[in-house]
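*Asks:* Read off the chains here:
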Amino acid sequence: MATGIIYNVQRYSIHDGPGIRTTVFLKGCPLDCWWCHNPESQKPGQEIIFWEERCLRCGDCAGTCKKGAVVFRNNMPVILTENCDLCGSCSSKCPSGAQEMVGRKVSAAELMKEIEKDTIFFDESGGGVTFSGGEPLMQPDFLDELLKRCKEKQINTAVDTSGYASWETVNRISENADLFLYDIKLMDNIRHKKYTGVDNDIIINNLKLLARKHNNIVIRVPVVPGINDSSDDMLAIGEFVLTLGIKSLNILPYHNTGMDKYRRLHLEYKIPETKPPSQERMGEIKDRLGSLGLNIKIGG
Amino acid sequence: MNERVAKLRQQSLDTIPTLSIERAELVTEAYEKYAGKVSVPVLRALTFKHLMENKTICINDGELIVGERGPYPQAAPTYPELCCHSLEDLDIIDGRDKIAFKVSDEVKKIQQEKIIPYWRGKSIRDMLFDQMSDEWKECYFAGIYTEFMEQRAPGHTVADGKIYRKGFLDFKRDIQQSLSSIDYLNDPEAYDKQEELKAMLICADAIIRYAERHAEKARELAELEKDPKRKKELEKIAEVCSYVPANAPRSFWEALQAYWFIHLGVITELNTWDSFNPGKLDQHLYPFYKKETEEGTLTRDEAKELVQCFWVKFNNQPAPPKVGVTLQESGTYTDFANINIGGIMPDGTDGVNDVTYMLLEIIGEMKILQPSTNVQVSRKNPDKFVKKACEIIRMGMGFPSVFNTDAVVEELIRQGKSIEDARCGGTSGCVETGAFGKEAYILTGYFNIPKILEITLHNGMDPATGKKLGIETGDPCTFETYDELFDAFKKQMHHFIDIKIRGNNIIETLYAKYMPAPFLSIIIDDCIKKGKDYNAGGARYNTNYIQGVGTGSITDSLAAIKYHIYDNKNIAMAELIEALDNNFEGYEKIRQLLINKAPKYGNDDDYADSIMVSVFDAYFNEVDGRNNMKGGKYRIDMLPTTCHIYFGSVIGALPDGRKAGEPLSEGISPVQGVDKYGPTAVIKSAAKMDHLKTGGTLLNQKFTPQVMEGEEGLEKLTHLIRAYFKMDGHHIQFNVISADTLRAAQANPEKYQNLIVRVAGYSDYFRNLNKKLQDEIIARTEHMAF
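Residue numbers (my numbering), protein chains in the order written: chain A, 1 to 300; chain B, 1 to 786.
Derived from the structure by calculation, the hints contain no laboratory data.
Fair warning: there could be bad hints in the mix.
With a straight-line Cα cutoff of 27 Å, these simulated BS3-like cross-link-like pairs (lysine-lysine) come out [said to hold, decoys possible]:
#1 Lys-43(A) to Lys-676(B)
#2 Lys-198(B) to Lys-172(B)
#3 Lys-113(A) to Lys-688(B)
#4 Lys-105(A) to Lys-597(B)
#5 Lys-569(B) to Lys-676(B)
#6 Lys-751(B) to Lys-771(B)
#7 Lys-226(B) to Lys-236(B)
#8 Lys-304(B) to Lys-236(B)
#9 Lys-569(B) to Lys-67(A)
#10 Lys-113(A) to Lys-676(B)
#11 Lys-122(B) to Lys-108(B)
#12 Lys-597(B) to Lys-261(A)
#13 Lys-297(A) to Lys-384(B)
#14 Lys-114(B) to Lys-322(B)
#15 Lys-569(B) to Lys-66(A)
#16 Lys-153(A) to Lys-726(B)
#17 Lys-198(B) to Lys-122(B)
Please build the complete structure, drawing on both the sequences and the hints.
*Replies:* This is the structure in structure tokens:
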């Protein structure tokens with residue numbers, strides 16, 4: 001049976017597809033977007049986040065670690081990553097939740113139990129489950145099994161993807177996914193590479209192929225001021241989408257609520273000064289893209 | 001809303017509540033004249049008559065529906081026969097920071113010279129405390145339970161449709177008939193019946209006279225009135241008041257006015273715990289509305305204006321001043337008239353009609369605290385109705401609250417009501433289920449469930465008072481299994497419920513003997529037929545409730561004990577009790593473990609939720625089915641009003657990590673802030689309780705406004721409600737407001753004068769809540785949009 005690593009299960013998700021949904025966040029992403037608000041989703045394996053403000057300085061984490069990976073420096077626990085095998089004992093021992101293990105190994109069957117908990121809400125609202133990330137296509141066997149199990153249980157599925165995977169994977173997943181939420185960040189490849197760390201040709205090509213075989217695709221575009229919010233960039237995306245015969249496009253305003261997480265993960269946040277786009281600007285983009293003949297929604 | 005309504009509404013909002021001594025004086029005069037000379041029911045009836053014949057008649061400028069409980073709006077009377085306030089009480093009522101009433105020196109003087117000398121030692125409150133055992137009193141003052149009837153009369157009943165089909169002249173004929181059928185030769189209760197029925201006749205005449213006095217006043221005002229339009233209105237008011245409630249109403253206007261006189265009659269006769277209410281108002285008004293709009297004698301706007309005038313009348317009547325524990329368990333001006341909207345018809349079909357939507361519109365426009373309102377949602381009702389209600393809820397006032405009417409019917413049927421009577425029922429007060437017009441469903445007091453655990457953990461001792469209030473169930477450190485602990489907890493619960501009910505039975509008898517309500521008895525079936533008073537078992541159904549408080553807190557406390565002490569052996573019982581006794585000072589690590597590393601109710605986690613179910617079952621088995629003194633049974637409700645704050649204040653630290661004195665969880669909602677998986681998980685957890693075995697449960701959720709944005713937000717909220725009700729959930733309500741807004745309102749109350757929030761089974765102005773309650777609401781988990 002396939003297992004995978006997830007970092008969150010969000011129930012009552014109401015912006016990731018139709019109805020009341022449960023969103024499962026799979027861990028690991030090949031992209032490294034500057035604006036990513038879930039930086040803990042990027043690394044494929046588990047990791048430990050330290051919440052300084054929660055720490056009681058009780059020393060239980062250091063006391064319990066058999067690898068000597070937790071030491072105290074300046075009355076503060078520090079994890080020596082070279083010694084740490086991510087066994088999680090410090091995190092399970094920590095009374096206050098200061099040492100938090102991000103990422104959980106889970107089998108498809110176990111995860112299904114969690115998903116099925118909200119079946120009554122899915123049935124009532126026409127909702128279902130959304131697999132997001134990270135990049136869910138990075139765990140294709142796990143995702144494929146989950147989609148099949150959902151189909152068996154008649155639970156509607158959506159896959160929220162960057163599209164950065166092999167066509168074989170996209171193709172395989174498309175067999176059982178009811179809906180794709182497919183991200184496009186930028187049409188200009190040079191800047192795409194700069195801001196996401198990867199080329200966009202794979203993403204574009206996959207979308208072209210996918211559009212031919214799957215009839216339920218919603219394009220999602222993050223609007224990040226100073227990076228892709230110019231009218232030219234937005235129009236380029238809109239015009240491309242039109243050529244594929246796709247009508248639905250969601251524009252998602254950038255927000256900086258993930259900033260604190262970067263600090264806790266000891267990562268650099270590259271755009272600390274960037275502010276969310278104004279409502280007016282989002283309205284303008286909506287109108288401009290709408291005039292192309294697309295159905296534009298602000299938010300998911 | 002039009003200019004008239006806006007003006008009346010504003011007046012109602014701007015008027016400062018005052019305490020009126022008029023009723024106390026009139027009641028005292030009547031007792032001085034009649035007490036000891038006539039039977040008790042007749043004494044009560046003559047007192048009612050004296051009130052109706054002499055209380056000030058008030059017709060406010062511009063209003064269409066007339067009559068006030070006090071001499072003018074926001075003037076609350078007192079009920080010295082129930083609770084005779086001391087002068088210190090009056091000073092407190094006058095000067096307190098929240099829920100104050102202006103008390104003039106004149107009032108204090110009358111209280112001192114006339115009221116206190118007559119009533120001291122004779123009021124029900126005095127009699128009650130005199131009659132209660134020391135054991136009962138010790139538990140009462142330790143905060144194990146509260147007592148609803150210590151300064152208010154048995155309340156909780158609601159009007160059904162008969163008052164729109166019959167006038168008091170018709171009721172008089174029914175009473176006469178019952179009188180003439182008394183079997184004086186064989187019935188040992190013949191005399192009691194005769195006196196009760198005589199009393200009812202006096203009350204029927206009295207209410208007719210009261211209405212007629214309004215007609216006279218209106219005519220007087222009409223003669224003086226210069227404005228021809230208002231003159232005509234006053235003449236119309238006179239015509240209406242001389243017709244109803246003597247006769248059955250003929251029109252929409254008369255229907256509203258008839259109800260209002262009856263309302264005033266009920267709440268003037270006695271100060272019932274929850275004021276009376278019209279129940280299924282949309283269904284009652286619809287036949288009048290339909291007929292008149294079809295005939296062209298009434299427009300929708302006119303009908304709406306009349307209802308809005310009617311709305312203001314409720315808001316003009318603050319709940320009479322409370323003191324002591326009663327104030328702490330119900331600290332609000334709200335008098336809990338809770339109008340039911342929607343639901344089903346007596347034949348079981350969809351009850352939503354044009355008036356339903358009109359009432360929803362009015363709630364959204366009026367934005368006032370009273371009357372409270374709720375929507376009764378049946379699987380038979382259209383989604384349009386639920387969505388319209390959600391639109392009002394989204395405005396953020398916490399009403400109308402939302403009830404599962406199909407569950408309500410099942411609850412009533414389980415209790416033994418006929419299906420027709422069940423369908424005519426609904427919910428009142430906060431969330432309490434009743435067969436409208438046919439049932440006395442008396443809430444007798446709150447029960448502090450987490451306190452029972454505290455006492456169990458101290459082998460029968462109450463750490464707060466240092467008294468041995470419980471029984472010895474053993475040193476918990478010697479318990480080898482969780483089940484042993486839980487058995488001890490059940491034994492303590494049994495002990496305290498026994499004490500509570502022993503007291504209740506005496507109190508019930510005091511009311512039956514000394515404080516009958518012959519006016520109310522006229523309109524509740526089958527008091528006339530039986531010749532028996534509402535307070536003595538005259539109603540067709542007689543139910544007593546004890547309301548359990550602290551579901552989340554007790555569940556999380558037991559779950560933490562089971563998890564850490566018995567299942568994982570992380571903490572020793574002795575260590576835990578020491579930590580609790582020290583309010584976790586020096587034991588922060590243990591507290592963090594209890595908070596962060598134990599299963600919590602509200603997360604759809606069976607470990608915790610099964611404990612909730614076991615506590616619920618224990619409480620249900622302890623209370624449900626016991627006999628009351630009126631031939632009915634005891635049942636349970638799960639709600640707190642503001643009692644979770646008071647009960648929290650008498651409990652030390654709890655094993656869920658809560659510190660001493662902090663509020664308990666509210667209703668059946670999870671402990672504030674521990675529900676981490678969103679509203680569907682909370683709903684799933686709450687639905688594991690068997691709601692159908694209760695007479696009401698209370699679940700509140702807090703959402704940020706963004707969650708409900710747009711048409712989609714409304715639809716999803718509708719789905720959430722429908723799903724909860726599919727699982728037999730009884731009630732759900734939402735605060736649609738962000739914690740940031742609440743914090744700002746706490747810091748700058750002057751800028752948030754009109755901010756209304758859901759407290760428990762009712763809404764209140766945020767500024768009227770004490771700091772502890774404000775903090776508790778802020779601490780509730782805020783569900784955001786994802």
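*Asks:* Hint by hint, say whether it matches the structure.
*Replies:* Hints and how they fare:
no., hint, result
1, Lys-43(A) to Lys-676(B), "holds (24 Å)"
2, Lys-198(B) to Lys-172(B), "holds (10 Å)"
3, Lys-113(A) to Lys-688(B), "holds (17 Å)"
4, Lys-105(A) to Lys-597(B), "holds (19 Å)"
5, Lys-569(B) to Lys-676(B), "holds (25 Å)"
6, Lys-751(B) to Lys-771(B), "holds (17 Å)"
7, Lys-226(B) to Lys-236(B), "holds (16 Å)"
8, Lys-304(B) to Lys-236(B), "holds (17 Å)"
9, Lys-569(B) to Lys-67(A), "holds (25 Å)"
10, Lys-113(A) to Lys-676(B), "holds (18 Å)"
11, Lys-122(B) to Lys-108(B), "holds (19 Å)"
12, Lys-597(B) to Lys-261(A), "holds (22 Å)"
13, Lys-297(A) to Lys-384(B), "holds (24 Å)"
14, Lys-114(B) to Lys-322(B), "holds (21 Å)"
15, Lys-569(B) to Lys-66(A), "holds (21 Å)"
16, Lys-153(A) to Lys-726(B), "holds (20 Å)"
17, Lys-198(B) to Lys-122(B), "holds (25 Å)"
The structure is consistent with each of the numbered hints, conforming to all of them.
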